[in-house]
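K.L.:
Residue strings, one per chain:
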Amino acid sequence: MQRTNKMTYIFLIPTIIVFLVLTVYPLLYVITASFFSMNYLQGTEWKFVGFQGYQELFQDSLFWVAFKNTIIFVVIAVSLEVFFGLMFAILFQKNFKGSAIIRSIVLLPMLLPPITVALTWKMMYEYDYGIINYFLTLVGLPAIEWLSSADWALFSIVITDVWQWTPFAFLIILASLQTIPKDLYESAAVNGASGFQAFRYITLPLLKPVILLVLFLRTIDTFQIFDKMYVLTGGGPGNATETLTFYIYRQGFRYFETGYATAATLVVVIIIVILSIGYIKSVYKSAYSR
Amino acid sequence: MHVELKSFSLNRLLRWTGIGFVILWTIFPIYWMLNNSFKKRVDIFTEQPSLLPFNPTLANYSQLIIEMDFLVTLKNSLIVAAISTIIVVAIASLSAYSLSRYNFKGKKLILLWVILTRIFPPITFVIPLYSLMGSAGLLNTQVALILAYVAFNLPFGIWLLINFFNDIPMELEESATVDGASPFQAYRKIVLPLVAPGIGATAIFTFITAWNEFLYGLIFVQSQELMTAPVTLSGMITEYLVLWGPMSAGGILSLLPMLIFVLFMQKTMVSGLTGGAVKG
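If you're matching them up, the sequences are chains A and B in order. For the first sequence, full-length UniProt numbering gives the first residue as 1, with consecutive numbering after it. For the second sequence, full-length UniProt numbering gives the first residue as 1, with consecutive numbering after it.
These are computed hints drawn from the structure, not numbers from a lab. Quick reminder that beta carbons are idealized off the backbone N, C-alpha and C, glycines included. Careful, some of the hints might be misleading.
Reference listing, derived: stretches of chain A covered by chain B, where coverage requires no fewer than 3 residues with Cβ under 8 angstroms from a Cβ of chain B [unchecked claim]:
id	region
1	11-23
2	49-63
3	72-80
4	107-118
5	251-263
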């Protein structure tokens, strides 16, 4: 490691300015504002209220609905994404003619704007004219109110999210799968292991770190889901698809309750940081141990 | 022997059925949007949806482009995404180099902040940045969006590039500086060309994130003529009427740049998406 010189600092100045103005100051703003009551629209003055904002937040049943929906959504969507990602990776593990192109096609959904993805699913979910209900009725099943029934709406958005993000799990698991040496499987086969045993005792343990990584990355990303709800259901029917980000958006930019919305923001940030402690530690070490 | 052969072909059959299903599952929603983008409104709203546009029309595209000025929308998305990408790459490459190469006071703090801001959800900064942009008179301008996208893509860029810089042996620049090159010359002439793939990955990811971004676009920009593509598209759903045809056409146009990227970048994508945690 070379020692400091003037260039070090000069190279860092732009980053430090961006950080101070666009992330450090904003975080301090969020922390401070969360102890005040302030409505941006009415231009009211900042009034110190201490923990009152938090108290109101924890007493608001809608906040807990949003909280519950977010957790349910994250757990189901992320597990499905990782499960299918693993299945896809096993299917595509062996190279074949055209496999590179087909893999690229399979990766496409995760690059698309979430809004565009939500729009095409909205068309397909349409009750009267949508293609999904058309196929269902074609095989004699009843049509489903995908987006307008409180029982289905959240799950319908889960399906959309799984469609978009399974490729992410697939890509990363596949990359790791292809680094497993082939002779491990060969010697297992020589010793009479079945395909399933090889998967259970060789593949899975070796993939465990990367599966955990994907679980983590998808969890923090899914935790902030907003775009798909905005287009597909607007948080409804009722509050069936209200999520934390949607809740903050509504408080902050429909009712302009700045103080209250920042309290909710800080709660979300704290949850995410707690979920991430292990990850932060490990990447921090790997960056610094050079 | 006979048994083995049988199970082998059964495996093959299962595998190819699986692959076929995966392709169908992936393609169909995109195909459905493409299909609807060439249909007249009456053909979209029909009891028996057709898998092909039997009376293909370009009316949706012309309505979108001529009446709704969608090319301006695409141009807005392009400006915001391209400029924020250039800024992120320029700043991130310098800083990542410094962080990878030198030990100095405050380095730990900067690294920690980089990791933390990578984890904070974008909603964290939306309220304070809104108020900041408001007092700077930047609300409803593209500058506001560019600054926001720089703010949350910069940590990602730095993180990714540190990993790329770390892979380059330090002896290379050391010998250059011994030969009398300044640190900046060593950086520009020797190191930068070697991290070109990392720079490319950072640029592509920043661009995609900015191009796809919705929340900030929705909140920071109100005038129709400045809106980015996702915001304009979401606006085609109103309480009374959804403009399915033009919306499908717009959806297709909004994903074209991504088609180009996906063909080039399978390799860089792995290290990019995991922030260098897994090498492609």
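K.L.:
All hints are to be evaluated individually against the structure, with a verdict given for each.
P.N.:
Hint by hint, here is what the structure shows:
Beta-carbon proximity to chain B at under 8 angstroms applies to 10 residues in the region 11-23 of chain A; the threshold of 3 is reached and the given coverage holds. Residues of the region 49-63 of chain A lying with their CB closer than 8 angstroms to a CB of chain B number 0, which falls below the three-residue condition for coverage. With a cut-off of 8 angstroms between beta carbons, the region 72-80 of chain A has 0 residues touching chain B; three or more are needed, and the interface restraint is violated. Figure legend: the region 107-118 of chain A, annotated as covered by chain B; annotation consistent (10 residues with Cβ-Cβ distances under 8 angstroms, at least 3 required).
By the rule of at least three residues with a Cβ nearer than 8 angstroms to a Cβ of chain B, the coverage given for the region 251-263 of chain A holds, with 5 such residues.
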